[in-house]
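**Q** If you want the building blocks of each chain, they are given just below.
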Amino acid sequence: MLKYTLRRFVYMLITLWLIISFTFVLMKNLPGDPFGEMSNKIPKDVKAVLMREYGLDKPLWQQYTHYIGNVVQGDLGVSFQFPNRKVTSVIKQGFPASLELGIFSTCLAVLIGLPLGIFASLKHGKWQDYTAMFIAVLGVSIPSFVLGPILSYYVGVKLGWLPAGLWKGPQYMILPGFALSFGTLAILARLMRTSMLDVLNQDYIKTARAKGLNKLSIVWKHTIRNAILPVITILGPIFVNTITGTLVVEKIFSVPGLGDQFVSSVYSNDYTMISGLTIFYAVVLMIVIFFTDIIYGLVDPRIRLGKGSR
Amino acid sequence: MELNSSKFAPVAKETLGTERIVRPSVNYWKDAWRRLRKNRLAMAGLTILVLIALLAIFAPMFSHYKYDQQMLTLRNHGPSAEYWFGNDDFGRDLWTRVWVGARISLMIGIIAAIIDLIVGVIYGGISGYFGGRVDDIMQRVIEIVYSIPYLLIAILLIMVIGPGVSSIILAYAITGWVPMARLVRGQVLSLKEQEYVLASRTLGSSPWRIIFRHLIPNALGIIIVQITFVVPQAIFVEAFLSFIGLGVRVPLASLGYLLSDGATYMRLYPHRLLFPTAVFSLILLSFNVLGDGLRDALDPKMRK
Amino acid sequence: MSDTILSVKDLKVSFDTYAGEVQAVRGVSFDLKKGEVLAIVGESGCGKSVTAQTIMRLTPTPPSRIKSGSILFDGDIEITKLSDRQMEHIRGSEMGMIFQDPMTSLNPTMTVGKQITEGLRKHQRITGDAANKRALELLNLVGISNPESRILQYPHELSGGMRQRVMIAISLACNPKLLIADEPTTALDVTIQAQIIDLMKKLSEQTQASIIIITHDLGVVAEMAQRVIVMYAGKVVEQGTVDEVFYNPQHPYTWGLLRSIPRLDEMGGGDLVPIPGTPPDLFAPPKGCAFAARCPYAMQVCLEEDPDHTKLTADHSAACWLLHPDAPKVERPVEAGGRKHG
Numbered sequence: 001m002l003k004y005t006l007r008r009f010v011y012m013l014i015t016l017w018l019i020i021s022f023t024f025v026l027m028k029n030l031p032g033d034p035f036g037e038m039s040n041k042i043p044k045d046v047k048a049v050l051m052r053e054y055g056l057d058k059p060l061w062q063q064y065t066h067y068i069g070n071v072v073q074g075d076l077g078v079s080f081q082f083p084n085r086k087v088t089s090v091i092k093q094g095f096p097a098s099l100e101l102g103i104f105s106t107c108l109a110v111l112i113g114l115p116l117g118i119f120a121s122l123k124h125g126k127w128q129d130y131t132a133m134f135i136a137v138l139g140v141s142i143p144s145f146v147l148g149p150i151l152s153y154y155v156g157v158k159l160g161w162l163p164a165g166l167w168k169g170p171q172y173m174i175l176p177g178f179a180l181s182f183g184t185l186a187i188l189a190r191l192m193r194t195s196m197l198d199v200l201n202q203d204y205i206k207t208a209r210a211k212g213l214n215k216l217s218i219v220w221k222h223t224i225r226n227a228i229l230p231v232i233t234i235l236g237p238i239f240v241n242t243i244t245g246t247l248v249v250e251k252i253f254s255v256p257g258l259g260d261q262f263v264s265s266v267y268s269n270d271y272t273m274i275s276g277l278t279i280f281y282a283v284v285l286m287i288v289i290f291f292t293d294i295i296y297g298l299v300d301p302r303i304r305l306g307k308g309s310r
Numbered sequence: 001m002e003l004n005s006s007k008f009a010p011v012a013k014e015t016l017g018t019e020r021i022v023r024p025s026v027n028y029w030k031d032a033w034r035r036l037r038k039n040r041l042a043m044a045g046l047t048i049l050v051l052i053a054l055l056a057i058f059a060p061m062f063s064h065y066k067y068d069q070q071m072l073t074l075r076n077h078g079p080s081a082e083y084w085f086g087n088d089d090f091g092r093d094l095w096t097r098v099w100v101g102a103r104i105s106l107m108i109g110i111i112a113a114i115i116d117l118i119v120g121v122i123y124g125g126i127s128g129y130f131g132g133r134v135d136d137i138m139q140r141v142i143e144i145v146y147s148i149p150y151l152l153i154a155i156l157l158i159m160v161i162g163p164g165v166s167s168i169i170l171a172y173a174i175t176g177w178v179p180m181a182r183l184v185r186g187q188v189l190s191l192k193e194q195e196y197v198l199a200s201r202t203l204g205s206s207p208w209r210i211i212f213r214h215l216i217p218n219a220l221g222i223i224i225v226q227i228t229f230v231v232p233q234a235i236f237v238e239a240f241l242s243f244i245g246l247g248v249r250v251p252l253a254s255l256g257y258l259l260s261d262g263a264t265y266m267r268l269y270p271h272r273l274l275f276p277t278a279v280f281s282l283i284l285l286s287f288n289v290l291g292d293g294l295r296d297a298l299d300p301k302m303r304k
Numbered sequence: 001m002s003d004t005i006l007s008v009k010d011l012k013v014s015f016d017t018y019a020g021e022v023q024a025v026r027g028v029s030f031d032l033k034k035g036e037v038l039a040i041v042g043e044s045g046c047g048k049s050v051t052a053q054t055i056m057r058l059t060p061t062p063p064s065r066i067k068s069g070s071i072l073f074d075g076d077i078e079i080t081k082l083s084d085r086q087m088e089h090i091r092g093s094e095m096g097m098i099f100q101d102p103m104t105s106l107n108p109t110m111t112v113g114k115q116i117t118e119g120l121r122k123h124q125r126i127t128g129d130a131a132n133k134r135a136l137e138l139l140n141l142v143g144i145s146n147p148e149s150r151i152l153q154y155p156h157e158l159s160g161g162m163r164q165r166v167m168i169a170i171s172l173a174c175n176p177k178l179l180i181a182d183e184p185t186t187a188l189d190v191t192i193q194a195q196i197i198d199l200m201k202k203l204s205e206q207t208q209a210s211i212i213i214i215t216h217d218l219g220v221v222a223e224m225a226q227r228v229i230v231m232y233a234g235k236v237v238e239q240g241t242v243d244e245v246f247y248n249p250q251h252p253y254t255w256g257l258l259r260s261i262p263r264l265d266e267m268g269g270g271d272l273v274p275i276p277g278t279p280p281d282l283f284a285p286p287k288g289c290a291f292a293a294r295c296p297y298a299m300q301v302c303l304e305e306d307p308d309h310t311k312l313t314a315d316h317s318a319a320c321w322l323l324h325p326d327a328p329k330v331e332r333p334v335e336a337g338g339r340k341h342g
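One line per chain: the protein sequences are C, R and Z, in this order.
Residue numbering for the first sequence follows my numbering, starting at 1 and increasing by one per position.
Residue numbering for the second sequence follows my numbering, starting at 1 and increasing by one per position.
Residue numbering for the third sequence follows my numbering, starting at 1 and increasing by one per position.
Do not take every clue at face value.
Capping the alpha-carbon separation at 30 Å, the derived lysine-lysine pairs in DSS-like fashion look like this [to be verified]: (1) C/K221 x Z/K114; (2) C/K215 x Z/K122; (3) Z/K177 x C/K123; (4) Z/K177 x C/K215; (5) C/K58 x C/K28; (6) C/K221 x Z/K133.
Think of the hints as simulated: they come from the structure by calculation, not from any bench.
None of these values were measured; they are calculated from a predicted model.
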C-alpha cells in the first residue's frame, strides 16, 4: 500500500510538472510583445526596467526555474489586464462558490447516478432498465451548456419555480447544480449498471446464492461492494468533468465563481490570469485524483495488501 | 409401435452424417448486423445520423441564402415559411447556419476519429503487442496524459495559437486518443495469447504482419464501437470551446457557436437556442444509442 | 422414513435464448440414498451441471425454466414447487454446493472467515463468536493450518487448493444433508486434485451428507462414488453401481467413455480411442437416440425412436436398442472395466 501510495504521489508530481512546464512554454510563445498593444507607448528605459522587474532579461532557463519557484511558493502571478489583481486573490474570491457548486453537483450525481445504475441492473432487460438507460443516454448527450440555458429559461424564468441565476443561497444551487450533474450522473449510472451486471455474472455470486442468502444481502454485501470498485477509479475524471463544467455553468447562471472568472479572462485575453488559474485547477484536480486513487487502494484488499499491483 | 427385425439392421455411416455441422455457421459481421437491425433504438439513431449528415451536406447548397448573408430587416425574426429556423441578430438565415454548423461539427468529429484510429490504434497496438518494458513505459505515459485536465490545457493552447477549426482539432488530439489506445492495448493483450497468433509467430511472421493481419482485424469490433463514442466526444469539445468563445471565427458558425449565441439571447428569442440545441442533441444522442447498439451487437460474449 | 434423500423424476430443463429453446436436460430420473456418493459423468454440455444446479434452483430464471418433472428432497419437500424464499432456507443449510473454479468462486473483497460464517449466521442465527468458532473448526476439518490467521485473510492471499478447501468449508458450514460438488477438481493442478479428492473422501465418511459429484474424470468416480450416472445430450444413458458400469458397461457411449481414458495398468497396451463426432445440437435434439449419429452400432431404429431404459439389475440400467431382444449381438470393444474401486 505504501509503495502504491508513493507511486501515485510521484505520478501526481510528474503530471503537475508537465502542466506547469507546458504553461510556461505557451506563455513564452505568446504572439507579439509581452506588453501587448501598449508596447510602443512605453519608453525604452521604462521597458528595460519592467523587463528586469519581471525577470524577462534573464536567460530562458533562469526564467523557467524562477517561474517554477514562484508556483511552488504559491505565487501564480498577476493579471495581465489588471496588474493590481493577483491571481491568488481572484482565486480566494471565486473559488468558494465554485467549490460549493462542484461538491453539490458531485453529490447529486453520486446520489442519483449510482442508485439508478443499481436499479437498472437489477431490472436487467425489463422496461425499468430501458427507461433508466434512456435517461442516462440523454444525460450523456445533453451537455451542461445546453441543459443549463433550457433549465434557466423554462424552470427559472417562465415557470419561476427556482432562481434562474446568481448565487445568494441554497435554492440558487439547485438549477446550476442539476445542469452540471446531469452528464456525470448519466456516466455514473451507466458504469454502475455495467459493473453490477458484470459482478452479478461472477461465480462468487452463485456461491453466495448457494449459501442461501436472500437477494438483498447478495446485492448489498456481495454485488455492490465489488461493483463499486471500478466506479471509484473514474471519480477523479468525473471531478475533472465537473470542474470544467463549472466554467460554462457559472457563465450561464451568472454564478460569481472561479469558472465565470476564467471565462471572462478568456474573453479579455488575460493570458497570465488563464495560465495561473489553469495551474491552480490542475493542482486541485491532481490532489482529488490522488485521493480517489488512495481510496481505491483502501477499498480493494488486493491493492491494500500489496499484491496484484496495477 | 412395431419393431420388426429390419429396424435392427445397422445403418451406413454416411447416412448418419457424424461430421455434419449442426448449425449453419454465421459470419461474424452478418450476425452482428442482424442483431443491430433488431435494436430499434440503434437503428433510429443510425437513420437520424444519415439524415442529419445528408442535410448538413446538401441543405446549405440548396438554400436560397448564404450562411453569412445579412438581412438586417429580418433581425431576430422567428421561424417562418421562408426561414424555417428563423433569423439571427444580423437577419442571417438560421436554417442555413445550423446545417453549416452541423457540417463543421461532423467534420471535426470525423477528423478526430481518424486521429484516434491512427494514433490510438497504433499506440495501443504496439503497447499491447510488445508488452514487457515497452508496455510498461507506454502505460506510464498514458496514465500521466490521462490525468491531465485536457480541456483547460486546450483552452490555454488555443488562446496562444488562435481559435479556429484546426486549433480545436489540435486541442482534441492532445489527449483524445488515450481511451482508444487503452482499449486496443487490452484487446491486443488478450488476443496475442491465442493459439492462432502463437502459430503465426512460430511460422516466422513479422510483428507488423501479426499486428495488422491478425490482431487489429480481431479488435475491429471494439474499435468501431469506440469510434462511435469518439465522434460525439469531439463534437462536444468543439461546442464547449465555442461556448466560451474559443471556437470557429465569425461569420462562420459551428453548432457550439450557435448554442452559445442562442443561450445569450435565449430570454428574448428562444428560437435561436431551440433549433441548434435540437440538432446538436440529436447528433450526440444518435451517436450514443448507435454506439450502445453496436457494442451489444459486436460483443462476442452475447453470441450463443 | 425411506432411506432416499433425493428423488429426481423425469426432470426437463430448458433455456430460452433469443435463438430458440435449448433443451439442456431432457428427462432425467435418479434416486440418491442417504449417505451415498453418486457420480454424474458425461461430456461438457451434456446437462450434468444444469441438473445439479437445478436441484439447488441456482440456474437463473429466466432464461432457464423447469419444464416438467419433480425433485423430491428429504422425503416430502418438492423443490420445483418451493417459493424463492422457502428455497433460500434450504440452500446452504440443507444443501451445500462446491463449484468448479475456486479462483472465481470466492468474493475477492470479503475475508475468508466472513464468507464461511455468513451462511451460518443466516441459517442458525448464532452469535458472531460462535460462528467464528465454528469457522475455525471447519477450516481445521478441511485441513487448513493456522486457521486463526487464515480467517482474516482475503481469497487472493490463498492458493487455488486452499481456496477450494475454503469452498468446501463454506458448503459444509451448516451440516447439509446433501452436498453437490460440480467438477470440484477440474480447475486444479493434478497434485492438488488428489489432495482435494482425498479430503472429500474423508469428509464423505465423516459426515452423514449424501454427495453428488459431477465430473468427467472417471478416476474421480472410481475413487469416490458408489453409484454412477452417465449422461449424454440431456439424458441418462446408463446408470448403476460403479462396479456394474465399469466392469459391465452396456451403452456404446459408456464404452466410448471408458476407452477414451488412459489407464496406467495397461502401459503400452490398449490404445486410447476417441469418440468421433460432436454431441447433437440441443436446439433441435434428434428424434431417435441422441448418440446414434456417433454410434458405431447405430441401427435404423436408433434414428427413429429413443430407447427406454432396460433394467439389468436392481441398480443397473441402460437406454440402448442393443439391449432389445431382437437386436444383433455385438461384442463389447472394452474389456471389463476401469480400475478397481475402493
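**Q** Please work out if C/K215 and Z/K122 have their alpha carbons no farther apart than 30 Å.
**A** With Cα atoms ~13 Å apart, C/K215 and Z/K122 stay inside 30 Å; holds.
**Q** Given the hinted pair C/K221 and Z/K133, is their Cα-Cα distance within 30 Å?
**A** Since the Cα atoms of C/K221 and Z/K133 sit roughly 22 Å apart, the hinted pair holds (cutoff 30 Å).
**Q** Can the restraint linking Z/K177 and C/K215 be considered satisfied, given a maximum Cα separation of 30 Å?
**A** Given that 30 Å is the threshold and the Cα spacing comes to 23 Å, the pair holds.
**Q** So if I understand the rule, the pair passes when the alpha-carbon distance is 30 Å or less; does C/K58 with C/K28 pass?
**A** holds (13 Å)
**Q** Taking only the CA atoms, is the gap from Z/K177 to C/K123 under or equal to 30 Å?
**A** violated (34 Å)
**Q** Between C/K221 and Z/K114, is the straight-line Cα distance small enough, at 30 Å or below?
**A** holds (11 Å)
Of the numbered hints listed earlier, the single one contradicted by the structure is hint 3.
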